[in-house]
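Visitor: The residues making up each chain are set out below.
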Amino acid sequence: MEHISTGYWGQVADRFKKNRVAMFFMGIILFIIVAAILAPVLAPYSEEAQNADALLQGISSQHWFGTDQLGRDLLSRTLYGARVSMKVAIITSLIAMFFGTALGAISGYVGGRFDNVAMRIVDVLYSFPDLLLIIIISVVIGQGVVGIIVSLSLVSWITVARVVRGEVISIKTRPFVEAAKALGFKPARILFREILPHAIAPIIVTLTFRIPSVILAESTLSFIGLGLQPPASSWGVLASSGWKALTFYPHLILFPAGAIFITILAFNVVGDGLRDAMDVKAK
Amino acid sequence: MNKVMNPFRAHFFLYIIFFLGACSDSALPRDRVLRVAVPGQPANLDPNKSTDAISGMMLMQIHEGLTLHSHELKVLPGLAKSWTFNETYTEITYHLRDNLKWSNGQPLTAHDFEYGWKRLLNPKTAAEYAYFLFDIQGAEDYNAGKTEAQSVGIKAVDDKTLRVKLRRPAPYFPHISTFMVTYPIPKEVVEKAGDNWTEPENIIVSGPFVPVEHLHEYRMALKPNPYWALGKQGVDRLEIYMTAEKTTALNLYVSGHIDLVFDMLPMAIPSYRGDENYFNGTKLEVRYVGVQLDDPAMKDNRVRRALAMSLKREEFPAVLKGGEIPSEVWLPKGMFGYAPGTGIPYNPEEAKKLLTEAGFPDGKGFPKITLLFRAGDDWQLIAQNVQQQWKKNLGIEIEIQVREQKVFFREISSDDPPPMHLARWIADFPDPENFMGLFKSNSGNNSLAFASPAYDKLVDDAVLTDDPKIRFKAYEDAQKILVVDEIAMIPIYTGAQNILRRPDLENLRFNSMGDARLGKVKWSTKTTGDK
Amino acid sequence: MTNIFDKISLGYIGYRLLWGVPVLLAVVITSFIVLRFTPGGPFDREKPLPPNILKNLRTQYRLDRPMLPVYTMPKDAREKEEILAFEEKHGAFAIGPVHVSLGGALQTQLFSYLGQLLKGDLGVSMKFTQVSVNDIIKRTFPVSLLLGLLAFFLAFLIGIALGTAAAYYQDSWLDRAVMLFSAFGFSMPNFVLAAGLIFLFSLKAQLLPPALWEGPLYWVLPVVTLALAPASYIARLTRSGVIESLHEDFIRTARAKGVNERMILLKHALANALGPLVTIGGPMLAMLVTGSFIIELVFAIPGMGRYFVTAVIDRDYPLVMGVTVVYASFIVIANIAVDVLYGIIDPRVEV
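Chains as they are written, first to last, in numbering that gives the first Met the number 0: chain A, 0 to 282; chain B, 0 to 530; chain C, 0 to 350.
Hints in this document: simulated from the structure, not taken from any laboratory.
Hints are not guaranteed to be accurate.
Only pairs whose alpha carbons sit at most 25 Å apart, straight line, appear in this in silico DMTMM-like list of lysine to aspartate or glutamate [as the list claims (entries may be wrong)]:
1) C:Lys54 / B:Glu147
2) B:Lys145 / C:Glu260
3) B:Lys332 / B:Asp427
4) C:Lys46 / B:Asp377
5) B:Lys298 / B:Asp361
Anything over 10 Å on all C-beta distances counts as not near chain C; from chain B, calculated [to be verified]:
6) Thr92
7) Asp97
8) Gly104
9) Gly137
10) Asp158
11) Val188
12) Lys191
13) Gly333
14) Gly364
15) Phe471
All values derive from a computational prediction rather than experimental measurement.
The beta-carbon is built from N, C-alpha and C at its ideal position, and this holds for glycine as well.
Model the full assembly from the supplied sequences, consistent with the hints where possible.
Guide: Encoded structure:
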C-alpha cells in the first residue's frame, strides 16, 4: 500500500470524529449491533413464548412494547428481529460488495471484449425484473434467512459492479498505474495492490448505503408475503404484520417501524459522514 | 427561495393533472347506488370457467340458476319454478318459469341450460369445475373425450322443461343447480363474441344486473336488468370494487367510499364487535390438521389420539378473532349432520398418558415431525399456535414449515407427503355429501392415506335414504370412524364470515355459503341521506 | 449550446436500440426457463383437479410439450405420457438420458412462445382464463406509467428545488432542514409511509381519499408516497452538485462580472449539477414505473405491478412473461434515453 499513506486514513478518522452528528449515529449503530448480539440476554421473554392470556396487549410494565396476536412480547421480538434484520442486511451487502467489486474491477481493468461481454450480461440482469428473481428464489430455496440473503444479494451486486468499474476505469489511467505496468508487474498485482486501494473509499461508502437499502427491500418483501416466514422474524416481518393493525393496535407497527427508521437513518447519516470524511464525490 | 423557477414548469404539470383527471363518479343520487368491495379480481366471469369465490360472488349478481339458496340454505325456485325426481332419484326434471328472457329481451329457454351444461362438460372448454356435473349420466366420459355430447343425460324436452339423467341417486342435485357453473349460457353471444362474451359490450344476462363497465382488477359497474325474472332491483347502479388489501377495503368503508365489505380485516374485528355495521356469521368451512396415516411417526393410533386430545380449540378463535367456532368434528356448524360432541374432547392429562403408553413419556424421544402449511397470515398463526400447544401439553417439539401456495398444494398431493399439514375444506354445496365424500377411498381430493370400506359404505348409503334420522346417524357414525377411531385428521375449527355493511341497507342477507344476493338490496327510506 | 440535432447521431441511437434486442431476448429466454423450473405449477389447486380436466388444460396451454428441443424424460407418469405422444408425432432421438427433438423444435414451449411473441401475441392468462395478456397490459401499463411519471416529475420538482435552495444557503437552518427531510425520505418502507399518510390525511383530516384511482384528488397520496424517497435522493444529489459548482471558477467569474445571482444559480450552477441527475433519471424512472406494486396494492390502483406479483404466485406463465417483456423493454429504453440525453447535456460525451 505504498501509494496510500497511513496519513490519509488518519485524516479521514479525524475528519469523521469532528462530525458530531455522524458520530452520534455511529453510536446508535453500535448500540443496535450490541443489542442484536445480546438479544438473548436483554430480551425479557423468549422470542417464541406465546401467552394465550395476554393477546394484543398495549404497552405495560410487563411488556414495554406490548404483545402481538399470539401473546408474544414485542420488545423481545424486536430485539431478536434486530439480529435477523442486521444479519440479512450486513451479509447481503458484503456478498454484493464482494461479487460486485470482483466483476466490476476485473471488467474495468481488463476492458476490451471481456468488459463488453460482462457489461452486456449486467445489462441483461439489470433489465430482468427483480421481483421475478426474488419470488422464484424464495420458492426454490425457501423463505428463510438464506433464501432472502441469496435473492437480495443477486439483485444488489449489479449496482456495486457498475460503481467499481467506473472507479477502476478512471484510476487505471493515472500515472502510478502506468509506472507499475512499466515495472512489469503482473496485472493481478496491479489491480489488487495498486488500483483497488484507491477505490476503497467509494466502495466503503457504497457499502454503508447498501445496508439500509437491503433493510428496506427486506421489509418490502415481507409486506407482499415473500419475506421471512416463522419461526424466523425480522423487523420487516413485524412491521408488515403491524401494518394491518395500524388504527387498532398502533404499537404493533410503531416499534418495529421505528427500529427500521432509526437504523436506516443512522446508516445514511454515517454514510454521508464517511463520504465527506473520505472526500468521495456524491453518487 | 420562491424566486427559483423550477426547470420543469410547475404550472404546466398541474394543468396536465387536471386535464387528465376526469372524474367518473356517476350522477345518480347516493341512495340509488350500492358500492361493494370484494377481495380481488374475479378469475373468470364465464360461469362455465370460473372456480373462485370472488367470481362466484359477482356472477351471483349477473346470472340466475335453475334453483337458488335461501339465507338458511334451503333450495328455492330460481329460473325453474319447480322440479321433480323419479322414485330412485336418478332422474330430475326442472320446469322453467313462464316468459323467461335474457337481458336483451330474447327468450331464455331450457335449451340455454342444455347448451351451458354440455359446454361445461366439453373437453374443449377445459373447465376446471366440469366435475360438478359428473353425477349426470355419461358426463365424465364425455369430459374425458371418450364419447360425444349426445350421450350425456341432459335434454331440453321443450323450451320449458329440462330433463337430467343421473348415474347414481343424487337427492342433493337441486343444490348443485344453484352453483355458478350451472347458470344458463347464451349460445349466440358466446359463438359470436368468443372468449370476450363476458365483456360489457357483448354480455347478456339472466340475473338482476347487467355489467356496463369492467375495469379489470379495479371496478365493475352494473345496471339493472329489466327482464330479471325474480323481481325488481333495489338500486339503479351496482359498483363492485376489487380491493385485494383488506386494510384498504376497511379504509374505504370508513371514509364512505364503499357500503359493503366482504372479508373484513381480522385485526379490526374486536373494535367492531357489537357495532351495527358489523355482521358475523358461520361459514361452511372447516380447517383441520391432515395426518398421513402411513407415516412412521403417525402410525400409532395412540400418538394421533394424543395429538388430537391436546389441542384446546378455543385458542384458535381467540387468536384469529373472526368468531370462528371451535370444532372437533368434521361436518361444520350450519350443515345437516353437524354433531358437536362426537369428536375427541380436549384432555391434556389423558393425552400425556397415551403418549407415555406409546413410548414417549413427557414427549421424550418423540421424532421431530413436520407440520406443513401454506403462506398466509391466518395459516401462520394457526401453525404457531398448534406447535405451541403440543409443546406445552405433550412436551413434544414439532417443526412447522411454510410453503408458497402452489408448492404446498403440489407437496401434499405428491407421493411423499409430509406427516402432517394444515388444510381446509370449503363447501361447494351445502350438503354433507360434499364434505363426507372427500375422504372416500375413491375420492380424487383425498390427499390423506385414509381408506375405510366401512366409511365408504356409510357415506354411500346415507345418500340413498329419505329419512333424516337414518341419514344423520350414518354421517355421525362415519365421522366417528374418521375423527375418533382412525383419526385421519384433526378438525380444529369451523370458519366464519366477517362483513361490514351500512346498517341502513335493507334485504341484505348472507348465508353460510358466503353468498349474498344483491338484486333486491336497497337503502332504507327512513335514513337515506348523504353518507 | 449547439443545435441538438447536430449532436445526436441517429446511427448511435439505432446502434443502442439494436443492442437492446439481444438483451431483451436474453431476458425473455432466461425468465421463461427459470419460471418453468420453479416448483409448483399453475394448475396445482387447493382442490386438486381430476386427471382428465388437468389434461385438457395442459393441452390448451401447450404444457404437454417439452420446454426446449433438448430435454430429459420427466419422472411424473402423466408428463411422461405427454412427452412420448409428442415424440411420436414429431420424432426424437436420445443420447443417454438426454432426448433431442429436432422435428418438434419449433413446437416446443419456448420456441412456440417466441414465435408468438414475434407476432406481438403474449397469449392468454392462465388465471384470468379468458383475458389476453395483451389486453391486461394495455389496460394496466398506462396506469403504472402515469403513476410512475407523476412521481418522477414530483420527485424532480421537489428534489431540485430543495437541493438548490439548500446548496445556496449552505449550512443555514434551511440546509439542515432539507438534509433532515431527505434523510427521513428514504428511511421509511413505502407501506409504513403510506399507512401514516392515509391515517393522517384520509382517516383523521378527511382531506383525501384513502384509495382508488378516480381522478387527481385520488392521485395525491399514492404519488406523494412513491415520490418521497426519490425526491430525497435528488435533493441530496442536487445539493452536492450545486455546492461543488458554486466553488468553481466560472461562477466566480460570472459573479465578478455582476451577473445576477438568480441567473448564476439557475443557469450555471444548476446546469452543472444536471449531469448526475440525468444519469440517475433513467434507472429512477424505470424503478418508479416498474416498482410501484406496493403502492398499487395499498391504494387499490389498477396498475401492472399488482398483476405481476399475483401472477408469479399463481404461476400464470403467460402473464408473468408478458409483464416481464414490458418491464424489460421499458428499462432498456429508459436507459438508452438517458444515455442520449446525457450526451446532449454533457458536451464531453460523444453521442
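Visitor: Each hint needs a verdict: does it hold in this structure or not?
Guide: Cross-check of the supplied hints:
| no. | hint | result |
| --- | --- | --- |
| 1 | C:Lys54 / B:Glu147 | holds (18 Å) |
| 2 | B:Lys145 / C:Glu260 | violated (87 Å) |
| 3 | B:Lys332 / B:Asp427 | holds (15 Å) |
| 4 | C:Lys46 / B:Asp377 | holds (19 Å) |
| 5 | B:Lys298 / B:Asp361 | holds (19 Å) |
| 6 | Thr92 | holds (28 Å) |
| 7 | Asp97 | holds (33 Å) |
| 8 | Gly104 | holds (25 Å) |
| 9 | Gly137 | holds (14 Å) |
| 10 | Asp158 | holds (29 Å) |
| 11 | Val188 | holds (13 Å) |
| 12 | Lys191 | holds (15 Å) |
| 13 | Gly333 | holds (20 Å) |
| 14 | Gly364 | holds (33 Å) |
| 15 | Phe471 | holds (26 Å) |
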